[in-house]
Amino acid sequence: AQSVTQPDIHITVSEGASLELRCNYSYGATPYLFWYVQSPGQGLQLLLKYFSGDTLVQGIKGFEAEFKRSQSSFNLRKPSVHWSDAAEYFCAVGSSGGSYIPTFGRGTSLIVHP
Amino acid sequence: NAGVTQTPKFQVLKTGQSMTLQCAQDMNHNSMYWYRQDPGMGLRLIYYSASEGTTDKGEVPNGYNVSRLNKREFSLRLESAAPSQTSVYFCAMAAGPHHEQYFGPGTRLTVT
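Residue numbers (this note's numbering), protein chains in the order written: chain G, 1 to 114; chain S, 115 to 226.
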């Protein structure tokens, strides 16, 4: 069975500092991996995805993530955080065949200090 | 949240009352989902529908029913609401070759 672990419930950074949110997954084959962001009172929005090829993927809002098969990780990064990045971030893993059922991590809440 | 609409945005029910949460997508995709979101629990799948006329249980289906009468709409029904069903409910659809999900804005439900 596939699973996703986001080890950090909360992360606090200062505006302008760099950010890394951790995500570890368990999946038998090459997974589809996603990061979503949820602003307060909103639905989830896709930030970026990995499905094959280049292991460093770029997303919206200046975010990037790196797929590391050997570590079963897909960490999200941003070089300089803005106050508007304060939100909940979810990592998800999915499969390519059959009935598509993704698995979401429990989320990491990002707090940005001015 | 373009492409997926949900109604209502907020709802308060008394224990035992029933209601239907509505979801519609305008992107002609097959797969649709209902999730609930609770603090510290992430997203948990209630039901999903791989295509029009088909539905399957997810992780937490008890107390809910769904209906996928056409490709566009996927509704979630609570027959007899319980306080444990107080949550935020999200509808989503899967699109593209990699099945990325597009979410509606959510329905915040309180059962007293």
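Rather than coming from a laboratory, the hints here were simulated on the basis of the structure.
Each hint should be verified, as a subset may be incorrect.
[Said to hold, decoys possible] The calculated lysine-lysine pairs, modelled on BS3-like cross-linking and capped at a C-alpha distance of 30 Å, are:
hint, chain 1, residue 1, chain 2, residue 2
1, S, Lys-185, G, Lys-49
2, S, Lys-128, G, Lys-49
3, S, Lys-123, S, Lys-171
4, G, Lys-61, S, Lys-171
5, G, Lys-68, G, Lys-49
6, S, Lys-171, G, Lys-49
[Unchecked claim] Ranges between beta-carbon positions, derived for each pair:
hint, chain 1, residue 1, chain 2, residue 2, range
7, G, Arg-69, S, Ser-189, 19 to 27 Å
8, S, Thr-224, G, Ile-9, 22 to 30 Å
9, G, Gln-58, S, Lys-171, 49 to 57 Å
10, G, Leu-56, S, Gly-130, 50 to 58 Å
11, S, Thr-129, G, Gly-28, 41 to 49 Å
12, G, Thr-12, S, Ser-189, 23 to 31 Å
13, S, Arg-191, G, Thr-5, 30 to 38 Å
14, G, Thr-5, S, Ser-165, 46 to 54 Å
15, G, His-82, S, Arg-222, 24 to 32 Å
16, G, Asp-8, S, Glu-193, 37 to 45 Å
17, S, Val-126, G, Asp-8, 28 to 36 Å
18, G, Thr-12, S, Ser-181, 18 to 26 Å
[Unchecked claim] Chain S is nowhere near these chain G residues, computed Cβ spacing over 10 Å in every case:
hint, residue
19, Ile-9
20, Ala-17
21, Ser-26
22, Asp-54
23, Asn-75
24, Ala-86
Ideal placement from N, C-alpha and C gives every residue a C-beta, glycine not left out.
Status of each hint after checking the structure:
Proximity of Lys-185 of chain S to Lys-49 of chain G is assessed by CA-CA distance (about 26 Å); at most 30 Å being required, the pair is judged to hold. In summary, the hint linking Lys-128 of chain S to Lys-49 of chain G is not supported, as the alpha carbons are separated by about 41 Å, beyond the 30 Å threshold. This hinted pair checks out: Lys-123 of chain S and Lys-171 of chain S have alpha carbons roughly 24 Å apart, not beyond 30 Å. About 35 Å separates the Cα atoms of Lys-61 of chain G and Lys-171 of chain S, which puts this hinted pair outside 30 Å; it is violated.
Restraint check for Lys-68 of chain G and Lys-49 of chain G: the C-alpha separation of about 14 Å stays at or below 30 Å, so the hint holds. The hinted pair formed by Lys-171 of chain S and Lys-49 of chain G meets the criterion: a straight-line CA distance of about 26 Å does not exceed 30 Å. Between Arg-69 of chain G and Ser-189 of chain S the C-beta distance comes to about 40 Å, which lies outside the given range of 19 to 27 Å. The hint said 22 to 30 Å for the Cβ distance between Thr-224 of chain S and Ile-9 of chain G, and at roughly 24 Å that hint holds.
Checked against the hint of 49 to 57 Å, the C-beta distance between Gln-58 of chain G and Lys-171 of chain S comes to roughly 37 Å, which is inconsistent with it. For Leu-56 of chain G and Gly-130 of chain S, the Cβ-Cβ distance of about 53 Å falls inside the hinted range of 50 to 58 Å, so the restraint holds. Evaluation of the 41 to 49 Å hint for Thr-129 of chain S and Gly-28 of chain G yields a pass: the beta carbon distance comes to about 43 Å. At roughly 40 Å, the beta carbons of Thr-12 of chain G and Ser-189 of chain S sit outside the given window of 23 to 31 Å.
Checked against the hint of 30 to 38 Å, the pair Arg-191 of chain S and Thr-5 of chain G passes, with Cβ atoms roughly 33 Å apart. About 31 Å separates the C-beta atoms of Thr-5 of chain G and Ser-165 of chain S, a value inconsistent with the hinted range of 46 to 54 Å. The hinted range of 24 to 32 Å is satisfied by His-82 of chain G and Arg-222 of chain S, whose Cβ atoms lie roughly 27 Å apart. Range check, Asp-8 of chain G to Glu-193 of chain S: about 38 Å between beta-carbon atoms, so the 37 to 45 Å window is met.
For the hinted restraint 28 to 36 Å between Val-126 of chain S and Asp-8 of chain G, the CB-CB distance of approximately 34 Å keeps it satisfied. For the pair Thr-12 of chain G and Ser-181 of chain S, the beta carbons lie near 43 Å from each other, so the given range of 18 to 26 Å is not met. Residue-level check failed: Ile-9 of chain G sits 7 Å from the nearest beta carbon of chain S, not beyond 10 Å. At the 10 Å boundary, the C-beta of Ala-17 of chain G stays outside the reach of chain S, the nearest C-beta of that chain being 26 Å off.
With 10 Å as the threshold on Cβ separation, the claim that Ser-26 of chain G sits away from chain S holds: the shortest Cβ distance comes to roughly 15 Å. Even its closest Cβ contact with chain S, about 15 Å, leaves Asp-54 of chain G beyond 10 Å, as expected for a residue assigned away from the interface. Interface exclusion of Asn-75 of chain G from chain S stands, the closest Cβ pair being 18 Å apart, more than 10 Å. Look at Ala-86 of chain G: its CB is around 17 Å from the nearest CB on chain S, clear of 10 Å, so calling it non-interface holds up.
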